[in-house]
Amino acid sequence: MNVFGDAVRFLNDPFNWTRPGSGILDLLVQHLQISGAAVALALLVALPLGIWLGHTGRGGAFTVALSNIGRAVPTLAILTIFAVTPIGFGPQATTLALALFAIPPVLTNTYVGFRQVDRDVVEAAGAMGMTGRQVTFRAELPLAMPLLMTGVRTAAVQVVATATLAALVAGGGLGRIINLGFGQQNYGQVVAGAIVVAALAVLTELVFVALSWLLTPGQRTLPRVRRRPAVA
Amino acid sequence: MVDNWDTILAYAAQHVRLTVLAVVIGSVIALPMALVARRSRWLAGPVLGLSTLVYTIPSLAMFAFVAPFTGLSETTVLIGLVLYSLVVLVRNFLAGLQSVPADVVEAARGMGYGAGRLLLRVELPLALPSFIAGIRIATVSTVALVTVGVIVGQGGLGQLITGGFNANFYRAPIVTGAVGCVLLALLADALIALAGRWVTPWTRTVRA
Numbered sequence: 001m002n003v004f005g006d007a008v009r010f011l012n013d014p015f016n017w018t019r020p021g022s023g024i025l026d027l028l029v030q031h032l033q034i035s036g037a038a039v040a041l042a043l044l045v046a047l048p049l050g051i052w053l054g055h056t057g058r059g060g061a062f063t064v065a066l067s068n069i070g071r072a073v074p075t076l077a078i079l080t081i082f083a084v085t086p087i088g089f090g091p092q093a094t095t096l097a098l099a100l101f102a103i104p105p106v107l108t109n110t111y112v113g114f115r116q117v118d119r120d121v122v123e124a125a126g127a128m129g130m131t132g133r134q135v136t137f138r139a140e141l142p143l144a145m146p147l148l149m150t151g152v153r154t155a156a157v158q159v160v161a162t163a164t165l166a167a168l169v170a171g172g173g174l175g176r177i178i179n180l181g182f183g184q185q186n187y188g189q190v191v192a193g194a195i196v197v198a199a200l201a202v203l204t205e206l207v208f209v210a211l212s213w214l215l216t217p218g219q220r221t222l223p224r225v226r227r228r229p230a231v232a
Numbered sequence: 001m002v003d004n005w006d007t008i009l010a011y012a013a014q015h016v017r018l019t020v021l022a023v024v025i026g027s028v029i030a031l032p033m034a035l036v037a038r039r040s041r042w043l044a045g046p047v048l049g050l051s052t053l054v055y056t057i058p059s060l061a062m063f064a065f066v067a068p069f070t071g072l073s074e075t076t077v078l079i080g081l082v083l084y085s086l087v088v089l090v091r092n093f094l095a096g097l098q099s100v101p102a103d104v105v106e107a108a109r110g111m112g113y114g115a116g117r118l119l120l121r122v123e124l125p126l127a128l129p130s131f132i133a134g135i136r137i138a139t140v141s142t143v144a145l146v147t148v149g150v151i152v153g154q155g156g157l158g159q160l161i162t163g164g165f166n167a168n169f170y171r172a173p174i175v176t177g178a179v180g181c182v183l184l185a186l187l188a189d190a191l192i193a194l195a196g197r198w199v200t201p202w203t204r205t206v207r208a
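Same order as they appear, the protein sequences are chains A and B. Numbering-wise, full-length UniProt numbering puts 65 at position 65 of the first sequence, and it's gapless, one number per residue. Numbering-wise, full-length UniProt numbering puts 88 at position 88 of the second sequence, and it's gapless, one number per residue.
So that you can see chain B by itself, here it is in the shape it has in the complex:
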């Protein structure tokens, strides 16, 4: 029993590590991409089109494309996960930035805000709810996608699923892995939603 918990926790830790890294790296890349896509309309098309194409590629194929370069490592899984999270994140980041009311931006400019301060103090806070919505979706789908990492032996809780499968359809680890993934996704979603409420206090007061 204790041994099983060690195994489960080790896989869960890998699952969490891969998810957090993928979403964080994805966000860091997505923000400049969204900013660039917002600046020029002829860049927005290709950026969004490319991200749709990436999303169409099945995850197994994605890991298979990356694996020859990075081998059977966590990096392989991570690169695939970052690419998928980018699709969701760039779209939501862009939608968030575009949802900032034009008159608010005008007013801030009129008050003497420069481009940098305008972005940090006005646009980013107003776009934050949309950013958080994107991060929630990206996180939940990343938790689910990590399991496909079993193809290179780095699938977090997915290892339990295929492990049980290969051990003559042993059901206990299969169910543990599957239920663990769902719980992890729900927990991550709730945590980010809470954090989102905490960093955007103004959205709370509007409702009340």
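Chain A with its partners taken away, still in its complex shape:
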């Protein structure tokens, strides 16, 4: 297909990468800055709240309802939501919108992760003289880590993917390449942008899979890699 040849040619032109302001590298940095800030902001809100709700066992219905509503609200609507507030449009608005969008997966998964920790373990920890804080951070948190990190990964991939939509509402990021390509009827550039964006999303997923593997205590076995039985 000719379009893919055009896309490869677009990606092979160094000027398309280094052009100041709208080159792929500059847009990538912008994309990562917005995404990183959004994820950090979401974690700052959702992790303490999720840990507290999960530890006390309160607010189960609330978190489920929140994640359901979160799914129904179109991302484009969230990105434009701040148009009707004094914040207006701009990178801050995009970051805030993306953060808002990333809260439900982190909150829900943290809550569920804490809730599904074996009650016997929690009781045993308490019986051993651990304070509430110690139970939370030294017994429950490590056990909830895999699910918690699943939430963080879901949120991060979502944010990186959704940040491309910012281009539709005049924001920055890698979506600009696709949007400009459509504007100029240049399908080679459109596909090239799509390749870059998709690669970044898949890469984010892989990075967070590795990160969650590193952060999960206990046996460090990659999923699917089965250890050889001890008795050979």
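If you are wondering where the hints come from, they were derived from the structure by calculation, not from laboratory data.
Computed footprint of chain A on chain B; a stretch qualifies when at least three of its residues, placed anywhere within it, have a C-beta under 8 Å from a C-beta of chain A: (1) 47–60; (2) 149–163; (3) 181–193.
Some but not every residue of chain B turned toward chain A, in silico, with C-beta under 7 Å: (4) Ala64; (5) Phe65; (6) Pro68; (7) Val140; (8) Ser141; (9) Ala144; (10) Ile174; (11) Ala178.
The beta carbon of each residue, even a glycine, is placed where N, CA and C say it ideally should be.
Dock chain B against chain A, hints included.
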């Protein structure tokens, strides 16, 4: 005012049309895929892995991949939406089929049910709640995703959002589009939930 309603209704109609078509086509493709994935374990892995990969690809990129072939048409949006709905549907369909108790299948076989009748009369009805759950999730997320179709000018109510944006941040259409999307998603979810209760009367009696 009347003119605005014409515009809003036209966009809403496109939104509904794209959503319904995507979920229906997605379901028609997902069922055989789930059946095949259930038959052999070495097919289930790639099918589920591929669908995860599809879900990771941002929607804007998805439409951008399809657009060179189908142009600025509804078909472009529809193909993207079907691919995304497949991810949810295949997973839920497969989970539903796998949740059918083995002894029920055994009993049906013992009563002389052939493969076709077993599927239609025993397995599909028992898997129905899981199917409906999948269709609800797919529908709600499809309603949200249609808005991204604005990139090819076929975004349903999303057109109002970007239209208002381009008209010097005119807030009325932006809010109308956003609120309309949420209402549409909630309405669709409620309708499918109702229909689900209606086609699976036995799940009601268990609760009562």
